[in-house]
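S.K.: Spelled out, the chains give:
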Amino acid sequence: MTSDARPSVTARDLFLSADLTDDAARTYLASRGFQDPVAADEHLQAMAADLPTRQALGAVADTLLDALCASADPNGALVGFTRYLATRTPARSFLGYLRDDPRAAQILTHLLGASPSLGEILIRNPEYFHWLQLALKRTPPDHIDYHAELDMLLASGTDTGTRLDGVKRFRRREYLGVAARDLLGVTDLTDATRQLSTLADVVVHAVLRLLSDDLCATTGLDAAPGRFAVIGMGKLGGMELNYSSDIDLMYVYDAADPKAPADHEFFHKLARRLTKALGDHTEESYLYRVDLRLRPMGRHGDVASGLKQYEHYYETMGETFERFALIKARPVAGDAELGQSFLDLIQPFVYRKYLDHAAFEEIARYKRRAEQASDGDRNVKVGRGGIREIELFTQVLQVTYGAEHESVRSPTTLAALAALRNEGIIETTVHDDLDRAYRFLRMVEHRLQIVQQTQTHTLDESPDVLDVSARRMGFDSSAELEATLAAHRDRVHMVYADLLTPTGDEVDDGRRIFRLLGGELSDAEAIELISAYGFTDPSDILHLIRTLDQVPSLAQARSTTRNLLANLLAELLARVAAAAEPARVLNRLERIVTRSGAPGSLYRTLLETPMLRTQMATLLDTGDLLADRLSKYPELLDSLVAAPLDTETHRTAWEQVLDQLGTRDPAARADRVRRLRHVEEAKVLVEWLAGGDLATLQEKLSALADTCVGRIMTWLRQETEAADGETEWVVVALGKLGGGELTVHSDLDLVFVYRANRGRHGKLGDGALFARCEVLVKKLYRFLEAPTSEGIAYHLDTRLRPDGKKGALALPFDKFAEYLAERAERWERLAWTRCRVLTGSSALTEEMNRLVTDFVYGDWDPSLPAYARHIRARMETELGKEQRGDRLDLKVGRGGLADIDFLLQLLQIRHGADDPEWRVAGSRRLLAASPESPVLDAKETARLRDAHLFLRTLETYLRIESDAGASVLSTDAERQRVLGARMGLRTPTGGTLRQRYAEITGDVRRIFEAGIERLEREGKD
Amino acid sequence: MTPNDVMALIKDKGIPAIDLRFIDLPGLWQHFTISAKEFEVDVFEEGAGFDGSSIRGFKQIQESDMLLFPDASTAFEDPFTEHPTLNIICNVKDPITGEAYSRDPRYVAQKAEAYLKSTGIADTAYFGPEPEFFIFDDVRFSQGYDHGFYHVDSKEGFWNSGREEEPNLGYKVRYKEGYFPVPPMDSHQDLRTEMMLELEKIGVAIEVHHHEVGTAGQTEIDMRFDSLVSMGDKLLKYKYIVKNVARRHGKSVTLMPKPIFQDNGSGMHVHQSLWKGGTNTFFEAGTYAGLSKTALYYIGGVLKHAGALLAFCNPTTNSYRRLVPGYEAPINLIYSSRNRSAAVRIPVYSGSEKAKRIETRFPDPTCNGYLAFSALLMAGLDGIQNKITPPGPLDKDLYDLPAEEMAKIESTPGSLEESLDALAKDHDFLLKGDVFTKDLVDTWIDYKRGEVDAIRLRPHPWEFAMYFDI
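Each protein sequence line maps, in turn, to chains A and B. Just so you know, we're using the working numbering here: the first sequence kicks off at 40 and counts up by one. Just so you know, we're using the working numbering here: the second sequence kicks off at 7 and counts up by one.
Extracted from the complex, chain A is given alone in its bound form (with noise of 0.2 Å):
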């Protein structure tokens, strides 16, 4: 510009100049910065309407032209000017007033320019102009002030209607309070959000609490039935509002009678009143466009909903985006005490202790679904490095450590980027630079949105507007602006993606998993994985993991569960892996889960607990018994952890439960008495399993059993005998049980005896007595075998009594004593030695002990020990069957179990006689004390002794594994590597196993013929 082309020419030569020509006028506009001169020139004039009006737009000429040209848009603001000036009257006295005080001209202009809608509220409302320069000079109002000035006005009112109008007028006027002191510099971007948060806080509280009021007195109640909270999300939550946000919400409320319909239905309907009131477009505009999609079941949802409703949701249905959705939540307005057990019930499900696949996955597939997205690079929020992928950085790191670190919690983006920071989650860099970006980009989206108060990201792609644009953000031209935005959108992208993008092995084996599970490998890639934790049959695994993923659940969302067994599987495949039988741990975990209806519970408590999840991996190993108790009985869970007990506090605690049934009916009592064998026989096992010796394994279980069939005994007493006491009892126990070698799914062998009391006898004949008696009997067996929903609680063997199969159940004692005296065989001496007193009255009982010591230690009978050795072998060859090749019989197969009882019990007989210390029940007990024999020699005893040891545990490995009651070893090596194995004895081929039991076998069958013949020869010395 050269200043003799248009010396002369003065602002105020506009409006007074006799011979300005229309050119040179457009001209001088030109130069001044007017993109429109031609326009401009016409709305400078047409505000001269009159003389006195072009006589005082003259004289403030220099200081309006100034000003409009120093805003970011001179013809818009000129326009904006020339409405405005139209509502004063008379103009001339406002153009007076801007002469003398040009810095209100400066403030008008600047905010014209800026932004046009702030323009119409000026327009509409002339008088906030001074209003707004009062408010300039003072601080900026905060919540306090915000609801004083509403409560004055609601007081004020007439009805709902006109007051909810004049809610509205003073939304706008703070509204243009805010964005004056944005926009004018004399508040940064955090507290002009901070500040149209807190004013729709305010908002919301005062049009809820007028409605409140409203619907109670049209519904006739003092008070509302309860309490009710609107939950602030998204921006709002963050207190990170825009000009234009729409306010995410959601209602909770808290019913006085969450039985009354009445009560719910209200809250309901405040709900949508207030939602309507918000959104309502009247004469004077409307408040706030309310998005209610984020509340549970997004738009086919409640209203309004309970915290109970919530907590419910969330936790069974609730998605990762709603996880991330509710970072935000924050109380906003009516009950803050509720409002905050909102923020209490949501936060375990926000921030999780495991390590979170789905939210990575989440924001994965949300980066995929961003990229595909065409007007990627002209919007600053959605777009490629926008303010989107700052959120979205921020909030993934957020539910990942939120669970450690609460500081990082805050609902507030940069507030979360420095907690970040802080805890050393991310780099001080990343932090400045993320921090930086973030400010720049929502300044960048404010400046757009102030515009026309619409909800716009995108920059304008014609270089006209986008000059504007670049003017109201501060920068002298748009190529400078998209310099900048460039600068910050490429480092925000960096960051961005290179928390998501996993470099070489770092990524996390939970993480690969959970994309197994979601179908997002390809089956090549998924045998890889599955092959690297060390399976043999990856494809058979592979199906396995798939089938566990495929487990109904009806308590949580697919999405949680599956994070969670992507974790569990990353701890627990490289353990299952190393297990005998790898499938079959995978496939018995599946029927637990199946079972427990509830996968993801089930998933976190392994989570939560190290040991229980290996002690699973091993337990699952054993075979089915375990698996299938666990799945029928979920809190078996709790004792697989549990520091073992003594026999003691066992027995105990089984009284206690067993004493608590003592009244309710027998059917109850039946399964209840199942339920507890079940349950504690299990743990007993865990227990053993962990490292507990076999000795208490088998003192525990038949401790369990006494106190079962003690029990029962005595219930069924008192429901049988007419009158306490009429006759007096003992059981008898024999075999395992007598000895104290209870192992699992062994048979109970009892016998029964009786006797009529003297004295109180006699109402009943001795035939109509033993009836009785035999009743009592079957009712045992009974309560004991018959099958119900709960199982059989054991298994009942009375072979051993008096005439075996044929005798009595029960039988009186002169009877049992006749019995021993005059019928009994010669082998009924060995059965005998393991006779133990179960429960009876203390004088038979003595007596009993004293009939059946009599009878087996009385005098030596030589010809047992060839009679013994015919049976043995009869035993040998018709059960065992050993011959057949392809079985071992740890029982009556050679060199098995029953020679080492048959061998110890013709001891005892010959022994016991003289030597107390015999007489014990039970070969483990007798070993165990191992008294001095002529016959065996200590390294025989030891021999013995560890053989005893080596087949009963191998015995009771076996009835684990098939959940039954056998005592029958496999020929085939696989069988017996995997036996083998789980014993300790890991060999490939499974020789071990096979190799220990010839040996212990051939030397238990050799003591036994040696012990045999030192027996017959001594009787024949």
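Simulated from the structure, these hints should not be mistaken for laboratory data. Take these hints with a grain of salt, some might be off.
Unchecked claim - Footprint (simulated), chain B over chain A, 3 or more residues, beta carbon under 8 Å:
1. 70 to 82
2. 107 to 121
3. 326 to 338
4. 505 to 518
Unchecked claim - In silico lysine-lysine, PhoX-like type, Cα no more than 25 Å apart, as pairs:
5. B:Lys444 <-> A:Lys420
6. B:Lys99 <-> A:Lys308
7. B:Lys310 <-> B:Lys99
Glycine residues also receive a C-beta, built at the ideal position from the N, C-alpha and C atoms.
Using the hints, position chain B against chain A.
M.R.: Here is chain B on its own, set in the frame of chain A:
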């Protein structure tokens, strides 16, 4: 009428059936009927449920439940049903939150009225649409794999002047000469009067009716102007009445803009004015055509956003067969007081304040009145707010302009596709005050692009004439 009035009317007259009506997105009335026995005053407060999933342009199937809220003030007795039926126009709302449904066109119009008031520029926007239509005696059309045709007929059609009618009495309307000889040339006089009377009976004030330029029964019946939402309602009543009166006489009405090749199409000029405190803001004595600056800027806005407006005002592929040079088609983006090819005209015969208005000439009766009127208002307001000066008035006959000068005048988009493109680029003015939502605009564009594609897929008979032998 209030809800209680409606209930009283039903009771007093013993009306057994209440018909609830609402508009779908393209602009057709939908309805269902409730027995008077079931119809209680609560319905006005609580709404009546329906499945919105198969309503054109409404929700997806998975989110189908919606509520209708009857507007008691719109109730009218149906003139056509055998059994007395009371028709009531409804708004659509969300059944759970009670929020007004953002794609309900009537709600858009209600928001537009509120927005106008909130700007302080005016308190009332008057709209006076002049729908034109044809009355046919016969219509057939079909398109299949192996054929495609349409065939319309009218006793008035000049193509029937040589037909054996035993006897043919002549008086067939010559092409483009229907405006407007007296009977017997005009054969629809009584029919139009009957339409007028039926409209008046249900509260739609009629100013004038006459035969239009086209042969084969082209008709114009003009309603007296009314405020925006109310006129949206009346336009639907209008279409309902004229179609059904014709049907009563064995005839068929179409409002499609160009059913007849080479004769005039049917438009719907829309007269508009903004009033504040009882005065017409469009009037200013002594100016060009008596127009105020406000009116001028309003025109500026309409012309500036014309491309986007056509997507709502001329929303069918057939609309653009009318908007071609000749045939009085208003395709030039200028305003004029006399010229009929200008997109906006200031009727010269309205010199008084009361009658001062502007006339937007491009719309046609296929538009959804609520949306089209709202869009026009929003464009006009944008013009006023930004003082958009329209290109100066051109009162030459534009068709006589030399090509060079014509080239400087911008014209309306030549196809629905172009209009939709224009709307996609230029709709911020519609979003102000949240009157239109981005979702509605996007949905509209998607929906209408479907119609563009439907035509694109189909061979046209004249393509055979031009290309079959190639």
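S.K.: Now tell me, hint by hint, if it's right for this structure.
M.R.: Verification of the hints:
1. 70 to 82: Our answer is that it holds, as 3 residues pass the Cβ test (under 8 Å) against chain B, meeting three.
2. 107 to 121: Holds: 3 residues of the region 107 to 121 of chain A have a Cβ under 8 Å from chain B.
3. 326 to 338: Held - the region 326 to 338 of chain A has 4 residues with a Cβ nearer than 8 Å to chain B, which meets the minimum of three.
4. 505 to 518: violated (count 0)
5. B:Lys444 <-> A:Lys420: holds, 16 Å
6. B:Lys99 <-> A:Lys308: Satisfied, since the Cα-Cα distance of roughly 15 Å is no more than 25 Å.
7. B:Lys310 <-> B:Lys99: Given pair B:Lys310, B:Lys99 is violated - Cα atoms ~34 Å apart, limit 25 Å.
Of the numbered hints stated above, those contradicted by the structure are hints 4 and 7, listed in ascending order.
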